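For this one, chain D is given, so just place chain G on it according to the hints.
If you read the sequences in order, they're chains D and G.
Under this note's numbering, the first residue of the first sequence carries the number 1, and numbering increases by one thereafter.
Under this note's numbering, the first residue of the second sequence carries the number 1, and numbering increases by one thereafter.
Hints were generated in silico from the structure; no laboratory data involved.
You may find that some hints are simply not true.
Copies of the same chain are indistinguishable here, so a pair counts whether it falls within one copy or spans any two.
[Said to hold, decoys possible] Subject to a maximum C-alpha distance of 25 Å in a straight line, what follows is the list of computed DSS-like cross-link-like pairs (lysine-lysine):
#, residue 1, residue 2
1, Lys-507, Lys-329
2, Lys-329, Lys-223
3, Lys-145, Lys-281
4, Lys-78, Lys-281
Predicted model, so just to flag it, every value in this text is computed and none were measured.
Number of protein chains: 2
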Amino acid sequence: MPVYTAPVRDMQFILNDVMNIQSADIPGYADLDPEFLAAILNECGKLTADVLAPLNAIGDTQGCTLENGVVRTPDGFKDAFEQVKEGGWTGIDCDPEFGGQGLPYLIGTAVGEMFASSNMAFGMYQGLTHGAYSAIHAHGTQEQKETYLPKMVSCDWTGTMNLTEPHCGTDLGLMRTKAEPQADGTFKITGQKIFISAGEHDMSDNIIHLVLAKIPGGPEGVKGISLFIVPKFLVNDDGSLGARNSLSVGKIEEKMGIHGNATCVMNYDGATGYLLGQEHKGMRAMFTMMNEARLGVGLQGLAQAEVAYQNALAYAKDRLQGRDVTGAKNPDGPADPLIVHPDIRRNLMDQKSFIEGARALIFWAAQMIDQHHRSNDAQADGLVSLLIPVIKGFLTDRGFDMAVQAQQVYGGHGYIEEWGMSQFARDARIAMIYEGANGVQALDLVGRKLATDGGKHVMAFFEIVKSFIAENKEMDEEFQAAFLAPLKQASKDLQAATMYFMQSGTKNPNDALAGSYDYMHLFGHTALGFMWARMAKVAKTALENGTDDAAFNKTKLTTGHYYMAKQLPATGALLAKITAGSTPVMALTADQF
Amino acid sequence: MPVYTAPVRDMQFILNDVMNIQSADIPGYADLDPEFLAAILNECGKLTADVLAPLNAIGDTQGCTLENGVVRTPDGFKDAFEQVKEGGWTGIDCDPEFGGQGLPYLIGTAVGEMFASSNMAFGMYQGLTHGAYSAIHAHGTQEQKETYLPKMVSCDWTGTMNLTEPHCGTDLGLMRTKAEPQADGTFKITGQKIFISAGEHDMSDNIIHLVLAKIPGGPEGVKGISLFIVPKFLVNDDGSLGARNSLSVGKIEEKMGIHGNATCVMNYDGATGYLLGQEHKGMRAMFTMMNEARLGVGLQGLAQAEVAYQNALAYAKDRLQGRDVTGAKNPDGPADPLIVHPDIRRNLMDQKSFIEGARALIFWAAQMIDQHHRSNDAQADGLVSLLIPVIKGFLTDRGFDMAVQAQQVYGGHGYIEEWGMSQFARDARIAMIYEGANGVQALDLVGRKLATDGGKHVMAFFEIVKSFIAENKEMDEEFQAAFLAPLKQASKDLQAATMYFMQSGTKNPNDALAGSYDYMHLFGHTALGFMWARMAKVAKTALENGTDDAAFNKTKLTTGHYYMAKQLPATGALLAKITAGSTPVMALTADQF
Numbered sequence: 001m002p003v004y005t006a007p008v009r010d011m012q013f014i015l016n017d018v019m020n021i022q023s024a025d026i027p028g029y030a031d032l033d034p035e036f037l038a039a040i041l042n043e044c045g046k047l048t049a050d051v052l053a054p055l056n057a058i059g060d061t062q063g064c065t066l067e068n069g070v071v072r073t074p075d076g077f078k079d080a081f082e083q084v085k086e087g088g089w090t091g092i093d094c095d096p097e098f099g100g101q102g103l104p105y106l107i108g109t110a111v112g113e114m115f116a117s118s119n120m121a122f123g124m125y126q127g128l129t130h131g132a133y134s135a136i137h138a139h140g141t142q143e144q145k146e147t148y149l150p151k152m153v154s155c156d157w158t159g160t161m162n163l164t165e166p167h168c169g170t171d172l173g174l175m176r177t178k179a180e181p182q183a184d185g186t187f188k189i190t191g192q193k194i195f196i197s198a199g200e201h202d203m204s205d206n207i208i209h210l211v212l213a214k215i216p217g218g219p220e221g222v223k224g225i226s227l228f229i230v231p232k233f234l235v236n237d238d239g240s241l242g243a244r245n246s247l248s249v250g251k252i253e254e255k256m257g258i259h260g261n262a263t264c265v266m267n268y269d270g271a272t273g274y275l276l277g278q279e280h281k282g283m284r285a286m287f288t289m290m291n292e293a294r295l296g297v298g299l300q301g302l303a304q305a306e307v308a309y310q311n312a313l314a315y316a317k318d319r320l321q322g323r324d325v326t327g328a329k330n331p332d333g334p335a336d337p338l339i340v341h342p343d344i345r346r347n348l349m350d351q352k353s354f355i356e357g358a359r360a361l362i363f364w365a366a367q368m369i370d371q372h373h374r375s376n377d378a379q380a381d382g383l384v385s386l387l388i389p390v391i392k393g394f395l396t397d398r399g400f401d402m403a404v405q406a407q408q409v410y411g412g413h414g415y416i417e418e419w420g421m422s423q424f425a426r427d428a429r430i431a432m433i434y435e436g437a438n439g440v441q442a443l444d445l446v447g448r449k450l451a452t453d454g455g456k457h458v459m460a461f462f463e464i465v466k467s468f469i470a471e472n473k474e475m476d477e478e479f480q481a482a483f484l485a486p487l488k489q490a491s492k493d494l495q496a497a498t499m500y501f502m503q504s505g506t507k508n509p510n511d512a513l514a515g516s517y518d519y520m521h522l523f524g525h526t527a528l529g530f531m532w533a534r535m536a537k538v539a540k541t542a543l544e545n546g547t548d549d550a551a552f553n554k555t556k557l558t559t560g561h562y563y564m565a566k567q568l569p570a571t572g573a574l575l576a577k578i579t580a581g582s583t584p585v586m587a588l589t590a591d592q593f
Numbered sequence: 001m002p003v004y005t006a007p008v009r010d011m012q013f014i015l016n017d018v019m020n021i022q023s024a025d026i027p028g029y030a031d032l033d034p035e036f037l038a039a040i041l042n043e044c045g046k047l048t049a050d051v052l053a054p055l056n057a058i059g060d061t062q063g064c065t066l067e068n069g070v071v072r073t074p075d076g077f078k079d080a081f082e083q084v085k086e087g088g089w090t091g092i093d094c095d096p097e098f099g100g101q102g103l104p105y106l107i108g109t110a111v112g113e114m115f116a117s118s119n120m121a122f123g124m125y126q127g128l129t130h131g132a133y134s135a136i137h138a139h140g141t142q143e144q145k146e147t148y149l150p151k152m153v154s155c156d157w158t159g160t161m162n163l164t165e166p167h168c169g170t171d172l173g174l175m176r177t178k179a180e181p182q183a184d185g186t187f188k189i190t191g192q193k194i195f196i197s198a199g200e201h202d203m204s205d206n207i208i209h210l211v212l213a214k215i216p217g218g219p220e221g222v223k224g225i226s227l228f229i230v231p232k233f234l235v236n237d238d239g240s241l242g243a244r245n246s247l248s249v250g251k252i253e254e255k256m257g258i259h260g261n262a263t264c265v266m267n268y269d270g271a272t273g274y275l276l277g278q279e280h281k282g283m284r285a286m287f288t289m290m291n292e293a294r295l296g297v298g299l300q301g302l303a304q305a306e307v308a309y310q311n312a313l314a315y316a317k318d319r320l321q322g323r324d325v326t327g328a329k330n331p332d333g334p335a336d337p338l339i340v341h342p343d344i345r346r347n348l349m350d351q352k353s354f355i356e357g358a359r360a361l362i363f364w365a366a367q368m369i370d371q372h373h374r375s376n377d378a379q380a381d382g383l384v385s386l387l388i389p390v391i392k393g394f395l396t397d398r399g400f401d402m403a404v405q406a407q408q409v410y411g412g413h414g415y416i417e418e419w420g421m422s423q424f425a426r427d428a429r430i431a432m433i434y435e436g437a438n439g440v441q442a443l444d445l446v447g448r449k450l451a452t453d454g455g456k457h458v459m460a461f462f463e464i465v466k467s468f469i470a471e472n473k474e475m476d477e478e479f480q481a482a483f484l485a486p487l488k489q490a491s492k493d494l495q496a497a498t499m500y501f502m503q504s505g506t507k508n509p510n511d512a513l514a515g516s517y518d519y520m521h522l523f524g525h526t527a528l529g530f531m532w533a534r535m536a537k538v539a540k541t542a543l544e545n546g547t548d549d550a551a552f553n554k555t556k557l558t559t560g561h562y563y564m565a566k567q568l569p570a571t572g573a574l575l576a577k578i579t580a581g582s583t584p585v586m587a588l589t590a591d592q593f
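The following block holds chain D by itself, in its conformation from the complex (with noise of 0.2 Å):
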C-alpha cells in the first residue's frame, strides 16, 4: 500500500531560499514569514498524508456509481471533504469577501500539489469548484457573486465547467447546446456535454454548472459562445435551495484512472441558467481562467510524479535484490537492496530531478500570476502565459513518463493493483489530455504565444536566462561548467529553434506547426535547466556560508547536476528533429499512411 509524505522541506527551499517570497513586494507576501508558512504546509501535509492519501486506493477501486440518478463516491471521501471543508483548505487563496483566507495563489498552489499526490480523484472535486469560482469571481455580477461564491468557497456547493459534447472537445465553434433566452432574463439550456468531472455526486448541497452553449441567432463558430451558471438546484431568493433544474446525469464513464472522480454525460433539458458575462464572450470568459487551469493540471503532472517516486524510492531502499558489482553494500543479508544497482539510481535520479525541478517552475509562474492580480503587472502575465503551455504540456508529459519509471522500479508487482503504482500512471494519464491535450498545448505555444505582443515574452525569458548567467560569471569554474554551460547550451538551442520558426514559419506554417511537439520539450527542458541554475546557485552559496542543513542542500547540488547532464543533452536532438522542418511530417496524403 503505497504512502505519502507531503515535501514541505522541498517547499520551503523553493518557497524560502530560491523565491524570498517574503521580500517579492507582492501584496500579501510580505505576510509570509517562515514560520507562518511552515505551519501551513506541515498542517496541510498532514491531512493530506494522513486522511487523503488512505483513500486513493479505495477510490480507485470501488470508483464511483450511478443509481437511479444519485452518484455515490468512494467510501469515506464524504467523510473526508467535510474534514477539508472544516480546515478552511477549499478556500485557502479565495477572497476574503466571500469567505475566503485570501493567501496569494502561490499557497494555493502548494497546497494543490500535496492535495493532488496524496489524492488527484478527491482533488478535483475542490479544484474545479476553484474553477468555477474563480470564473463566477472575474466575470460575475454583484448578486452573482453574492448568490455562489460564499458556498463555493467553503465546497458546501461544488462546481464544474460544461465545455465538450461528443462530436466536439477541441473544435468548440462545433458546439450544439442551445441557451434560449427567457422573458424573465434567464436562459433554456438544453444539450449534452461529456466529460464532466464532479458532475455529479454526494459530498455537496448543490452543483454550481458552468455551461457554455449558444444563444440562437447569434455569430457562428466560437464567436457565438456564451456562458451560464447553471446550478443543479435552483436558489431562492433568501439563499435557500429551491427547486431541483432541468438536468439530469446520463452515465459516468468507466475511466483509465481517476476512478474517485465521477466523469459525467450531462443532458440539459432546458435547464435554467444565468448568463455568466457577456452574450457571445463565453470563450473570452473561459479564457481569462486559462492560466490557473492549465497549471493546475500541470501540478497534477508533478503530484503524481512526486508521490509514485517517494514510493519508488523506499522499493528500492527496501527491496533485496542482487549485489552491487563494486562489493557488496549488505554483506550480511542474502542480496543488496535495489539502489545499489546504477540503472535503479538512473531511474530514481531521473524522477527526482525532475520533480524538484518541476516544482521550481511551477511556483514560479505562480508568483507571476500573484504579480499579476495583486500587482497588475502585464509583463508577468506576458511571461507566465507563455510559459503555461509548456507547463501543462511538458510536466504532464514527463509527469506521467516518471510515473511509469517508478512503476519499472517494482518490477512485477509495479503491474498489480494492489501495490499501488499501476494508479499514479493510470490517474497521471488524464493529465495529459484535459484541459487541452498536449497536442494543443504545443500548438498554442508555437502558434500563438511565442508571436504575442511581437515575440517579446520569449525574449523576455531569454534576457532572464542571459542575465542570469551574466550575473553569475564569477561563481567558480565546477558551477560554470555543471550549470551554466549546460544552461548556455539549451537557451541557444532554445532560441535556434524559435528562429528558424520565425524564418521558416512564416513562409510555411506547418515547419512550425509540426515540430511544435519537440519545442514545447525543448522548452520545458530549458526552463528546468534555469530551475536548476538557481537552485544550485542558492545551495552552493548556502554551503559556503556554512549552513546548518548542509545534507540538504548538497543533495540538491547533487541532483541539480544530474538534471544538466542527463537531461539537459536532449535539447540538441530535439533542435535537430525541429529543424528539420515539415517536409516528412506532412509528404504522405491522408490515403498513403
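For chain G alone, kept in the frame of chain D given last:
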C-alpha cells in the same frame, strides 16, 4: 470498438522484397514461395481479425475469475482456442516429429505478431505453451518428449514457466522452492511461485508447469537451481491423465492489463516433478530459450503499437475537428479531419515509422535464430544474442510509448475504456517488465553481450552497417543525404558509446552500467535506422524499376525518411548522456535521496 487488420502487405514486403527469404539458403526457406507465404499470412490475418480481435475488449472487461480452485477464462476464449488449435496455428513452427508443421521460426514470428496484436492476453496461452515446448524439446529425454510434446504442440495441454517467488524476481539465486529427490527418481516440489501466466485456466485438459527449484544440498545461489516438469495431472504410461498433482492456484492477481490472461500464485505442496535436463543446470536450460522468449516479448511491444496505430489512424481520418491552417481540406463539412493537423501527423508518423522499422528488425532477428537452429550458424547466434536485449527493451519501451501516443490522438475518448485505446497502453505496459525488466535487458546488453567473444558481435554489427553504406555509395545524393548520412552518424554515435564503455567501463564498471539504458536505446535507434536504410533502398529500387505497386513503395520511402530525420537525432543526445558518466548517477548515498 477498436478493430484490427493484419499488416500482410508490409510483412510480405519485408519477407519477400527486403529479406528475399526464399533464396536465403536456410533449410526450409526455399519452400516459402510468395504464394504459400501469402496463404499463411492471409489465413492467419483472417482468424486473428475475425475471431481474436473481437474478444480483446471482452477479455479486458471480464478478466479471469477464480472460484474453488477453478479459473474461468472470459466468454468466447475457449471456443476461439479450439479454432486456433483446429487451424494448426499452435504448432506452426514446431517439430513435425511431435505433430508440428515444421515451418521456420520466422513464420512463427510473423504469425505471432498477429496473435499479439489482435489479443495479447489470449495469445499468451499458446505463447507460454510454446516456450515450455521449446524447453522440453531442447532438454527433455526422448520419453519426456514423447509424453508431453504432441499434446503441447496441439495445445490440448498448455504450459507455463515458474521462476519468480515473492522475494525474488531478477535475483533467482535467492530461490526457496525445494525439490526433494524420491526413491523412484522423481522429486517432491514444495514452494510458492508468483506471476505465473496461464497458471490455471479452463482451456486445456492438462497444464505442464516448468518449475525452477533447488535440490537440497546443491550449490548455493543460481548454480544450485534445477528445472522440473510438474504436470497438473500426472500422465499414465498409456498417455492418459492420472491423479491430480499436489499443486494449486492460490489466487489470481488484479493487474493493470492483460486481464484475459490468468496471472496466478501457484502453490506446490510436495508436487511430483520430473527433472528436465541436468541437476543444477536449470538456469542454463532456461537460458537456451531466452532469445526466443525475449524476442516474443519485443514482438508484443511492436504488436500493441501496430493495433493502436491502426485505430488512431482511423480516428484521425474520421474525427472532424478544427481546420487545416493552410486552407480547409473538407470545406463542405463542419471541420477538417484530425489528420490535416501537423502535430497529429507527427504523432502518427512516429508510430508508423517505429512499427515498420521494428517489424523489419524482429524479422531479421528471427531469421538469424533460424540460421542458428537450422544451419548451426554460430555467427548468427552471436549477433542475434547481442540484438535480443535491444529488441526486448527498446521495442517494448517504444511500443508502449507509441500505444500511449495513439491513445492521445483520441483526446478525452482515449481515456474512456469503451473506446479501447486505454487497453492497448495498459496491455503493452507489461512487456517492459516481464521476461526480464528492461533495466535487466540493458544490463545484459552492456554487462554481458557487448563483451561476449571479445566484443566480436558488436563489431560484426558495425561491419554490416559499414558494408551496407559502402555498397550503396553510388546511390543518388538524395538517398545519401536522407538515409546514409544519418545512419552513418547514428552508427558513429553508437561506436563512440561502445568505445567509451570499453575504456571507461573497465576502470569503473558503474560508468558502463549507469549508461546502459541509454545505450540500449541508442542501439535500438541505430538498428531501426539501419533497417530503414535497407528498406528504403529496396523501395527506391523498385520505384526506379517501375514496380506495379508504386504507392506502397513511395509511402515506404517517405516513412523511412521520417524516421531518419525525426527519430534518429536522438542518438546524439543519448551519447552525450552516456559520456556524462556515472558520477551524477552514483553521487548520492542511499540516505541522501
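Hints and how they fare:
In the homo-oligomer, the alpha carbons of Lys-507 and Lys-329 lie at most 25 Å apart only across protomers (20 Å), although the nearest pairing inside one protomer, at 60 Å, exceeds that limit. For the homomeric pair Lys-329 and Lys-223, the shortest alpha-carbon distance between copies (22 Å) is at most 25 Å, but the shortest distance inside one copy (66 Å) is not. Proximity of Lys-145 and Lys-281 under a CA criterion of 25 Å is satisfied intra-copy only: 19 Å inside one chain copy versus 77 Å between copies. Neither within a single protomer nor between protomers do Lys-78 and Lys-281 lie at most 25 Å apart by alpha-carbon distance, with minima of 36 Å and 58 Å respectively.
Comparing the model with each numbered hint stated earlier shows that hint 4 is the single one that does not hold.
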